[in-house]
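Protein sequence lines, in the order shown, are assigned to chains B and Y.
In case it helps, this note's numbering puts the first sequence at residues 1 to 261.
In case it helps, this note's numbering puts the second sequence at residues 1001 to 1362.
Hints should not be assumed to be uniformly reliable.
Facing chain Y, from chain B, some residues (calculated, C-beta under 7 Å) [unchecked claim]: (1) Gly12; (2) Asp56; (3) Leu57; (4) Glu163; (5) Ser167; (6) Ala170; (7) Gln174; (8) Val179; (9) Ser183.
Looking from chain B toward chain Y, a few residues come up when the C-beta cut is under 8 Å (computed) [to be verified]: (10) Leu77; (11) Leu161; (12) Leu168; (13) Gly169; (14) Gly171; (15) Gly173; (16) Pro182; (17) Ser236.
Which stretches of chain Y does chain B cover? Using the computed rule of at least three CB atoms under 8 Å from a CB of chain B, they are [said to hold, decoys possible]: (18) 1168 to 1177; (19) 1258 to 1268.
If you're looking for bench data, these hints aren't it; they were derived computationally from the structure.
Since this is a predicted model, take the numbers as computed values, not measurements.
We put the beta carbon where it would ideally sit given N, CA and C, even for glycine.
Residues per chain are reported as follows:
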Amino acid sequence: MSGAGANRMGPGGWTTLILAGVYFVVPLAMTAAFSLWEGGSTYGFEAYRLLLASADLPDALLLSMELALATVAALLLLLVPAMIFMNLYAPGLRPLFEFIATLPFVVPAIALVAGLTALFTGPEWLIGTPFYLVIPYFFLALPFAYRSLDVGLRAIDLTTLTEAGQSLGAGMGQIIRMVILPSLRAALVGSTLLTLAVVMGEFTFANVLLFRTFAVYMNQMGQHEATAAAALAVVSFLITWAAMLGVLIAGRGQTSIPGGH
Amino acid sequence: MATVEVNRVSKSFAGRQVLADLSLTMGEGELVCLLGPSGCGKTTLLRIIAGFIPPESGRVLVAGKDVTALSPSARRMGMVFQAYSLFPNMTALDNVRFGPRVAGRPKSEQIARAGQLLDLVGLSEHADKYPHQLSGGQQQRVALARALAVQPQVLLLDEPLSALDAKVRVQLREEIRRIQRETGVTTVLVTHDQEEALSISDRVAVMNEGRLLQVASPSTIYREPSCGFVARFIGSGAVLRGVAEGHSVRVANLALPASAAAAHVHGAAVEMFIRPENVRLQPMNGQLPPGAVGVEVRERTFLGSLTRIRLTLPGTDDQFSLWADLASEQAEAFIPGSRVVAQWDEAAPRVMPDADAGLRNG
């Protein structure tokens, strides 16, 4: 199909594709080139060495990773059962789910953070710690995680699989654990990686709430070490791409797991 | 093996009554088909038996025990669904051993049982394949083996063949019958395919608009339909509306021979039903023999070894048709537009009260 599509693409299509490629690749190539610039006509990996030598980078990276994992856990633990329940027992609630999942797109991040700051109360173990960021990150990643899970759930005949499991004597917990979650593997991996990508790149919340995450660290470094900031940007791009590649590979796995109608 | 008793079950969806005070009993080891047009309530009845839908009123008893309040997983009923329902993340073997596995049977026993059942459905060599590597027919065979793996008291089949192509459907329905006989499990099959129902059932339950119209053996259903709907729904044939007059039914101005009409009050509105295989034709040569009717050939439909001929009664403006099935080479003599003689044994037509006569006249 893709082959046929490629054959159908005319000169206009190719021109658009090439222009889009140039628009996408040139800034990246320039950033990568700038990250290797050491002054004058000298190029090398000094900026990357500087990054590795930085005492603060591992902490920022680790914090972002922890936040990402916590956000993934919160999203999956809440979303998966809720979406299974909605699909099985309350399909009429789908428009409500869709609306909630779209909200973070229409509410600007700065408005979200202002709203959250106004509600800056809660248990001590959460308030004032970086894990407070999991709350806004949850909402920020919600549309991506929801869409990925929704595609996965639509690809399997959830009702029939559940009823088949019940008729064979299985309880709902067994059906979710043994049938539904393995069938949603690609969707779960997709949700996880998309959430990781969103959290790793998030700047506004962390900066306003004064937490030093990976993105904040990158920004601070850019203010006094321009080439190191460029190197960090390249590294963060690579992390995001690796996540996207993971989504693609998991998606390819899904096509070989049917039920997949 | 167990009896299944559906006792005065009713169900409505959004104010529309889908099942109306329906009762049906299935004997041990019996294969009963629920047959009817789309929306007649047959799948709802099956799902009530399975426990997926609670009835509004009435009870379901299995082996004399009331299971109405039990969850589907507690009913010990195997079910094969219309949609392919194999677990996509499991091989055929793992699908079949799923039931024994969740029941906590030892692994060796699970595998042995699954192996036996895959052998029973002729798919031993496909045990390690995933559902997407199996054809539709193979998937439904595995689903059947999986349903049998829990040693169900009752096997429920919800249009399991409807997604398959015609040839596979015929093969698989014979296989279902063979396996059902071998295992002796009481089976309820839902279908809208009358040929499927007639070919494999011990009894057929014909449903329409949430009611059971007739429950009988396939041959009885075919030969002695209880009402016009069953007659029209099962097989093919002509339903002619008229009035009973002794040993005949008067349709328009013609007295059509039907000894069964004698059982009805003279002048009562009746429906006369006659199947194509009961109608004999011969060329018109002068006088009509006694008990024969002069008809006009309207069209011929070639069906292979048989040709179905549509005939119209004279003076009825094409309103009253009947059909005759003839051997194809014999049918060539009857050309559309020609007048021919139609005859049948007086005992062949079924004569039933015309339930809608009042509505039409009123």
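Exercise for the section: Quick one: which hint numbers does this structure break? Sort them smallest to largest. Expected result: Numbers 1, 2, 3, 10, 15, 17, 18, 19, in rising order.
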